[in-house]
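S.K.: All chains, full assembly: derive it from the sequences and hints.
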Amino acid sequence: MAAVKLLGTWRSPYCFKVIWALKLKGIPYEYIEEDVFDKSPLLLQYNQIHKKVPVLVHDGKPICESTIILLYIEETWPQNPLLPIDPYERAVALFWIKYADDKTQSIPKIYRTTGEEQEQAVKECSEMLETVEQHGLIEGKKFFGGDEINMVDIAFCMVAHWLGVLEEVAGIKMFEPHKFPKLHSWAQNFKSVPVIKENLPDDERMFAWLKHRREMLLAPKSN
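Going by full-length UniProt numbering, the letters in the sequence shown line up with residues 1 to 223, in that order.
Think of the hints as simulated: they come from the structure by calculation, not from any bench.
The beta-carbon is built from N, C-alpha and C at its ideal position, and this holds for glycine as well.
Treat each hint with caution, since some may be false.
[Unchecked claim] Cβ-Cβ distance ranges computed for the label pairs, FRET-style:
| id | residue 1 | residue 2 | range |
| --- | --- | --- | --- |
| 1 | S40 | Q134 | 35 to 45 Å |
| 2 | E33 | D102 | 24 to 34 Å |
| 3 | E116 | F207 | 20 to 30 Å |
| 4 | Y31 | P78 | 15 to 25 Å |
| 5 | P87 | V36 | 30 to 40 Å |
| 6 | K51 | E204 | 22 to 32 Å |
M.R.: Here is the structure:
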């Protein structure tokens, strides 16, 4: 029986954050695919509060919420560190991780809404991209922390990969290279890291699922 299990779903960026952290640190684990619309007894047992994925189970003990899981992984397995050792640099990294957690929430709203609601989601997302472009990335550096991938890069994964698919599903375009050159360069660098490149959801499969999901969410409600 594996000492580490991960309950997740193939389309969730939050689950992929955990997958990448485990693989970057070389931690073997058992992956258990969950149907979030028909939750298993195991998921309901291990995440009784929110009943959602990802859930990391280490030696039978569950840890929930992706960022909390990443911090747990970092503290439990210190090899191949994903956070700076210097206290100030670590504090800066944690600031941007919190910023990503808060602000990338606007991204899924783009495909779930229409009209004024969608316009507001696009506005919030564009403001987030502009802030990261201007203040989060250092000119000439491949990643947020410099020349090596770290937890801040993982925190912004929704921008690197999921945003483009969601834009296509919603029929809009805002994350354009000429507007956000540093972010686009970072996204390409991020997705070229072998562990990331080899563990990304299939774009066509994700597009089909999101398109169907959008149609269901926006379909007129029958009386």
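S.K.: None of the hints should be skipped; say for each whether it holds.
M.R.: These are the hints, each one checked on the structure:
no. : hint                    : verdict
1   : S40 - Q134: 35 to 45 Å  : holds (43 Å)
2   : E33 - D102: 24 to 34 Å  : holds (28 Å)
3   : E116 - F207: 20 to 30 Å : holds (25 Å)
4   : Y31 - P78: 15 to 25 Å   : holds (23 Å)
5   : P87 - V36: 30 to 40 Å   : holds (38 Å)
6   : K51 - E204: 22 to 32 Å  : holds (29 Å)
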